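Asker: Add chain B to chain A, keeping to what the hints say.
The listed protein sequences derive, respectively, from chains A and B.
Using my numbering, the first residue of the first sequence is number 1, and each one after it goes up by one.
Using my numbering, the first residue of the second sequence is number 1001, and each one after it goes up by one.
Quick caveat, the hints were computed from the structure, so don't treat them as lab data.
Mixed in with the good hints there might be a few duds.
Computed from the model, here is a short list of chain A residues facing chain B with C-beta under 10 Å [unchecked claim]:
#1 Phe-35
#2 Arg-101
#3 Ile-108
#4 Glu-126
#5 Gly-165
If the Cβ cut is set under 7 Å, some of the chain B residues that face chain A in the computed set are [unchecked claim]:
#6 Arg-1243
#7 Thr-1247
#8 Gly-1315
#9 Asp-1317
Because the structure is a prediction, the values reported are computed rather than measured.
Built from N, CA and C at the ideal position, the CB exists for glycine as well.
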Amino acid sequence: MDCREPPESGLFAHAAAAYPMKVLIVEDERKVGQFIERALTEQSHTARLVGSCAAARDALAESAYDAVILDLGLPDGDGLDLLREWRSAGFNEPVLILSARDEVEDRILGLNRGADDYLAKPFSLEELLARVRALLRRQAGTKSTQLAHGELRMDLLARTVANAGRPVELTSREFALLELFLQNRGRVLTRTLIAERIWEAHYDMETNLIDVYVRRLRQKLGATEDKPLIRTVRGTGYQLT
Amino acid sequence: MRSMSRRLTLGYALAVTVTVVIALATGYWLLEHALLGNLNQLQEAENIEVVQDLGADMATMPEAELVRKLRAHAAADEDLFFFQVHEAAGRVIFRSPSLGDSVLPDLSPSGPSWTIVLPPHGRVYVSEFVHGHLHLQIGSRLGPTEQLLGKYRQVGAGLAVAVAIVSLGLGYGISRLALGSVRDIRATAQRISAGNFGERIPVPPGRDEVAELVRLLNSTFDRLQAALKQVRQFSADASHELRTPLTLVRLNAERLRTQVAADPEATATVDNLFEAVAQMNRLIEQLLFLAKAESGVLPLAREAHDTAQFITAIGEDAAVLAEDRGLRFAIERNDAGRVAFDAHLLRQLLFNLISNAVSVVPAGRGFTLASQRLDDRWRIEVRDEGPGLPAGQLEQVFERFVQLPRPGGGAAGGHGLGLAISRGIARLHGGDLRATNRTDRSGLVMAVDLPAEVPPAPART
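Excised from the complex, chain A in its bound form (with noise of 0.2 Å):
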């Protein structure tokens, strides 16, 4: 479908973030957290950047941050460990998971011992940046029960939504689609996400069920091909136009 891009919706050209935010990338592969680094401060956060445990307590002990990006395989130590730490001193910001372990039990482990939000390698910045923004919403607790875009308005509490006033009727799962879609407006959402938020599967459904539900979202409200609303990222995922 569209695998174009306009440039001015790229990946790192991202208006100025509103709130700029002060970043802890615990990640001892010095690359992968270079790329995280690079991407937040273009986005005008602070970031900093620390490879072990010992450093990522000292950065923590020496100033306040808004929220932290931690990496679990740590040469001296787990992440875990260390997010257990924190949270029993009272360390109470936001702390995103960044693991090559995928498996659905050290997720519910990590979220147990107080993680936010886990993401499994290999990521998207896109999608990483857009998680830690979404952490960072929900801290400051900013949730409405009446979504909109454009013609479209969503309530959640009635659970109905209309394009240009007329109602449109949605199953259950394309109502938590769309309301996916509405809550991150203009951000890409990759597959994965969107199949841990929709249907909790932390593996490749091995379908094209997603796809298939977009159409079916398109289609219901009246997206045309050269107007598609939900646009396909090619290889990423989708973002709500």
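Answerer: Coordinates of chain B only, in the frame set by chain A:
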């Protein structure tokens, strides 16, 4: 275990009771013999007394004198004995008055002593002594002896019942004591196999059989834990080592993509890279999953679910996929019930089967989903109207890297690991996944069989 405890209790009680009953019966037998022997002795003594009283010429004495002397003697001991004298030929010469109308029969051919029923005197023990042509019969009432034996029987029966009851209680206590350690072992072993691999069975004091067994089990658990740890470590290392370079490829491609965004050809090339990375990642994920599933280190998050609800939700997605491909789909059967299973994994399994069905069924035909409760099993079937499989491939498709043949000869998109994983998931649940050809028409039936019991949720750490 419960039946073992019952068997031990009953066995113990039976052994004790039978032993006591045998002892009591032996005592009875001995007592009876002693009492009869006693009677016999008394009668012999009485015989000697009679001889002394009557004199040695008893056999030759005139009959009238004999009867007079006998009557005098009998009068003295009438309370104790019956007397009767008859000739060898059988004629009765004398009967003691205590006999009344009764006559003692001559049973001498069967032995010197016998027991008869003599109305109205009841059972009588008779001994016969021969003095020339005269036969002296001395009888004793068995009444008092039998009363004593009757008392013994009463007391003995009471005793046997009491012993049976007490030994049941004792046996239960002993079995609880003996099996208590076994119960503890079982409970701990169950927790260990449910995932608490670090736990060990406490070794009871002493060096008895149970302690030995516990040591043996513990050392087996040690080895198991070490092996599992090794598999986990390997899997974690492999995951890390394979995914880190993949992450870098992906991050670089992402950066590159923004830089070449103006060039559609370059963008398409980068997009191919994304797809290759995704495929590679899926392969790593599937291989690691298989390795873990087959070595048993994959933890199951088993919870009780409503099967009908679960199948309905899967059916909704299947219907959407079918509609998209112009196929028919229906839930053929959806039995109610609650079964404990890992919903994530089972969903993954069923999506895989549905995805296979969608790709082999030609447009215009369809596939169905059926969920059926069979006694202690839960069977989920995906029945398609595709071409089916040659008999030789029904088992082969579950091997790794074996691809399902697609209509038109095209290869599937995956790595041929999907069905191996699906079967792995079914087996992790103690069930199985099998493929058969339909008998009613062409098409394949993929049947998932899971044990349907709802076990108490094991404590997850």
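Asker: Looking at the structure, which of the earlier hints fail to hold?
Answerer: Hints 5, 8 contradicted; others consistent.
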